[in-house]
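So the protein sequences, as listed, match chains F and B.
Residue numbering for the first sequence follows the UniProt record's numbering, starting at 1 and increasing by one per position.
Residue numbering for the second sequence follows the UniProt record's numbering, starting at 1 and increasing by one per position.
What the hints contain is simulated information worked out from the structure, not anything from laboratory work.
You may find that some hints are simply not true.
Below, in silico cross-link-like pairs of lysine-lysine (DSS-like), each with a Cα-Cα straight-line distance of 25 angstroms or less [as the list claims (entries may be wrong)]:
id, chain 1, residue 1, chain 2, residue 2
1, F, Lys-92, B, Lys-277
2, B, Lys-361, F, Lys-80
3, F, Lys-80, B, Lys-376
4, B, Lys-276, F, Lys-92
5, F, Lys-92, B, Lys-386
6, B, Lys-386, F, Lys-80
7, B, Lys-168, B, Lys-96
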Amino acid sequence: MSSDPNALPPNDERAAIAEGEAASTEKRVTAELTEVSGRPRSLASDAFRDLRKNPIAIISAVIIVILVVMAIFPTLFTHKDPTDCALGRSLKPPSSEAWFGYNFQGCDIYARTIHGARASLMVGIGSVIVVAFIAIVLGMLAGYYGGLADAIIARFTDIILGIPLLLGAIVILSGFKNNSNMWLGLLMVIAALGLLGWTSAMRIVRGSVLSARNQDYVQAARMLGATNWRIMTRHIGPNAMAPVIVVLTIALGSFIATEATLSFLGIGLKPPWISWGGDIADATARVRNALGPVLFPSSFLALTVLAFIMLGDAVREAFDPKLR
Amino acid sequence: MKKRAVWCALAVLPLTAAALAGCGGGSSGGGGDGVISVGIGEPKSLFVTSVGETEGHQVIMALYTPLVRYNDNLETELAAAESVTPSEGNKVWTIKLKDGYTFHNGEKVTSDSYINAWNYGAYGPNAQDLNSYYSKIDGYAAINPTDGSTPATKTLSGLQKVDDLTFKVTLSAPYSGFMTTLGYTNFMPLPSVAFNDPAAFQNSPIGNGPFKMKGNWQHDQLIQVEAWDGYTGTKPKVKGVDFKIYQDAGAQYNDVVGGNLDVVKTIPTQQIANAKKDLGDRYGQTPSGSFQGLAFPVYQKDFENVGVRRAISMAIDRDAIVQTVFANSAVSARSWVSPQFPGARDNTCGEWCNYNPTAAKALYTESGGLPNNSLKISYNADGGHKEWIDATCNQLATNLGITCTGNPVPKFADLLTSLSKKEAVGMFRQGWIPDYPTMDNYLEPLYSCDAAPQPNYSGFCDKTFDEDLAQGFAAADNNAAIPHFQAAESILAEKLPLLPMRFGRNNFGYSDKVKNVTIDLFYELDLLALETK
Chain F
1 MSSDPNALPP NDERAAIAEG EAASTEKRVT AELTEVSGRP RSLASDAFRD
51 LRKNPIAIIS AVIIVILVVM AIFPTLFTHK DPTDCALGRS LKPPSSEAWF
101 GYNFQGCDIY ARTIHGARAS LMVGIGSVIV VAFIAIVLGM LAGYYGGLAD
151 AIIARFTDII LGIPLLLGAI VILSGFKNNS NMWLGLLMVI AALGLLGWTS
201 AMRIVRGSVL SARNQDYVQA ARMLGATNWR IMTRHIGPNA MAPVIVVLTI
251 ALGSFIATEA TLSFLGIGLK PPWISWGGDI ADATARVRNA LGPVLFPSSF
301 LALTVLAFIM LGDAVREAFD PKLR
Chain B
1 MKKRAVWCAL AVLPLTAAAL AGCGGGSSGG GGDGVISVGI GEPKSLFVTS
51 VGETEGHQVI MALYTPLVRY NDNLETELAA AESVTPSEGN KVWTIKLKDG
101 YTFHNGEKVT SDSYINAWNY GAYGPNAQDL NSYYSKIDGY AAINPTDGST
151 PATKTLSGLQ KVDDLTFKVT LSAPYSGFMT TLGYTNFMPL PSVAFNDPAA
201 FQNSPIGNGP FKMKGNWQHD QLIQVEAWDG YTGTKPKVKG VDFKIYQDAG
251 AQYNDVVGGN LDVVKTIPTQ QIANAKKDLG DRYGQTPSGS FQGLAFPVYQ
301 KDFENVGVRR AISMAIDRDA IVQTVFANSA VSARSWVSPQ FPGARDNTCG
351 EWCNYNPTAA KALYTESGGL PNNSLKISYN ADGGHKEWID ATCNQLATNL
401 GITCTGNPVP KFADLLTSLS KKEAVGMFRQ GWIPDYPTMD NYLEPLYSCD
451 AAPQPNYSGF CDKTFDEDLA QGFAAADNNA AIPHFQAAES ILAEKLPLLP
501 MRFGRNNFGY SDKVKNVTID LFYELDLLAL ETK
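My request is simple: use the sequences and hints to build the entire structure.
And the structure:
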C-alpha cells in the first residue's frame, strides 16, 4: 500500500499543506489589495486590470490614441497640404507620391483623410462633454430627489427622446445654415448633437443614483449630517459614474457617425473644415468612375466609430462582472 | 415690379438638376402606343403669362402655337401669324393672324385671344411672372404703378384690334427686335374661358397647339398630352407625350438607361463620362444658348477695384474646368453672348479671360487685393454647381495665394433672396438661358441699370452701356442694332461685373424607342420632329 506512488500523504501532512496554501493565498490577496497606492482596490482599478487583459480593448485604445495624435498633429502623418488641389491631378490612382491617390478636385486623399480626423474627434468629444453635463445634472437631480423633480425631468426626457437624433439635428442645423464662421459652425453641430443626444445617458445616471441613494453608506453619511451636495458629489457621484462612462464612450462613436451623416447631407461641417462625411458626399456622385475617394474616408470613419463602440463594450464588461 | 419676371429664365439650370430624390410617374416608358415619355421638373405654372422657366415652357410649346418660331439659323419664321409688319421707325407693329386656327375647345383664335391674354399678363395687380415682358408696349407704365396703387385702367393702350384677325401693337419707343420677341411664352393667345378661373385653367390649359391636355396636371407626377386632330398646322409624328415630373436629373438619367423613360433633356455632369458607354449613339449633344458666369456684387466695397476683378478672372483656368469637371460637355466662355447668336464675337473679354497665373498674382498684389485675402463664392446647392465652384476656388487659392471657400446656399430662391437684400455673399454664380435669339437678351436683363436689383444682381450700372442698348433698340432693324449691342458688350469686357465661364451644350439621352430627338438653343425639345421607331 505504502509503495503506491499515487498514495496521498498522511492526514497530518495534508493538513499542514492546506494551512500553508491558505497562508500564501492570504498574503497574495493582501498584496493585491494594497497594490499601487497601498489602498484597497476600487471597482475602477479592478476594471482597468480587466481591460488590460482584453485584446479588443487594447486594439480599440491603440486606434483611438493614433486618431487623437492624428487630430492634434496631422503633420506627423503627412506633409501634404490637404487644400492643395489641382484639376490636372483629378482622380489619379494611388502612387508612392499619394498613397490613396487623388480625388476629383485633385487633392491628396491621404492628406485629406488624415486632416479629417480633427473635425470628427472635436465633434465627438465636444458633444459628449455637453451630453455628460446635461445627463449628470438632470440624472442626479431626478434620481436623488425623486418625486416631482423626477416626474418633470422624466417627462422632459420623454419629449426629447421622441425626437430622433438625426432628424432633430437636421432641423436645428437647417435653421442656422447661413452662418459663415467656421468655429460657430462647429459649435452648432456640437450643440445640436449634445442637446438631443443626452437622454439615454441621463436615464442611466438616474438609475444608478436611485440604487446608490438607499445604500448604507449614504444613509450613514446622512445620519452624520452631510449636506445633499456633499452626499451627491462625494458618495453617490463616484459610485454612479461607471455606467455613464460606458454609455458616453459608445455615444462618442455614434456622434462621430452622425456628424459624418450631417456633413454628407451638406448641413454639418462646411469648408474650410475637412470632414470625412463631406468628402464622402463629394465623391459619391462619381463613385461609378472612381471608388478610392469614397473608400478611404469611409474606412477611416468606420474604423473610428468601431473603435469607440468596441472600447465602450469592453469597458462595460469590465465594470459589470455579471456580463462576463 | 417691373423686371420681376426675367429672373425665371435664370432659374433654368438649377431647376433642371434639382437635388432631391426622384419620384417619377407610375407608368412605364412609352413607345409601343406611339406615346413618348419625357422627363421634366415640376413647372411653376402652366398659365402662359406666368411661364418663365424651361420646364413649364416645354409643356406650353406642346399645347400652344406661337406667333413666330426660330429656325436652325435663328431666323424668325411665321407660325400662327400670317404677317408681322412694322411701321416706319419700328414703333407700330401690325400683326395679321392665319385663318383657321381654333383652340382645343373649338373657340376660334382671334385678335381678342391675343389682346386679352396680353392685357391680363401686363396688368400689374394680376402679378404674372412674365409681367415685365410687356414693358416695351405703350401703356405698360399706366397699369403698373410703381407706388402699388390700383391702376385706373386695366388694359394696354398700345393694343388695338383692327379686325378679327388683325391687331396693332404700339410700342412706347421704337424697337427693331420686337418681332423676334414674339416667339416667347408671354405672347401666346388664351381662350376666353381662361380668365374665369385662371388657377383652375392652368391645371388643364386649353391652347391652339399641336397637342391637347389628356386629363389634368398631376402635380409632381405627370402631365399627359395627346396629338390633337383639329390642328391646322404641322401635325406631330407621335400620338402623345407623357411629361414625367422628376426632382432629380440623376433619376431621369437612370430611368432612361433602365428603359423606364424615353427622353432625359439634361444628363448630369457626373454621368457624362459614362453616358457614351451607357447609351451609345442614344447620347446626343447639341449647342445651347445657356451661359454661366461668376458675378461680382459691384456695390460691395471689396470688389470695387476693377484690378482685383481682372486678377481673379486671369487666375481661373476655364479650359481645365470644362475638360475635367464637364468632360467637354460645355465650352469655355470668353465673351458674354453665346457664339450661336447673331452679332456674337469670340473672346471679347481679351487678355482678362486668358489664364495667366503670374500676371494675375502680380495684378492682384498691385491692386491691393481682397480684405484678409479671403474670398467666398456663393452658389445654390440644388443645381449641381459644387464641383466647378470648388475647382474655381482651388485655382484662385493656388494662383492668388488667398483662401477661397464655396458657400452653398440650399435653394436657388434663397440665393436670390440674399442677393436682393444685398447681403455679403461674396462672388456668386449666375446662369442665363435666353428667351429669344437676339444678343440684347444676354445684355439688358443682366447688366442694365433698369434691371437692378433683379435680375441684374451684381448691381452693375453704367450710363454708356445703357445708352448703347437704347441706340440698338432704336436701330432700323436687327442687323443695324448689332454694332450698338457689341459696343455695350465691350464695356462689360472693360468693367468685368461678371466673369464669363462657360457656354453650355445640351447633353441629352433617349431610349431605343424614339428617334429624331433634338434640343434647341433655348433648351426646348422639338416635339414635332420626335418620332417613335
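> For this structure, which hints from the list above don't hold up?
Replying inline: Hints that this structure does not satisfy do not exist here, as all of them hold.
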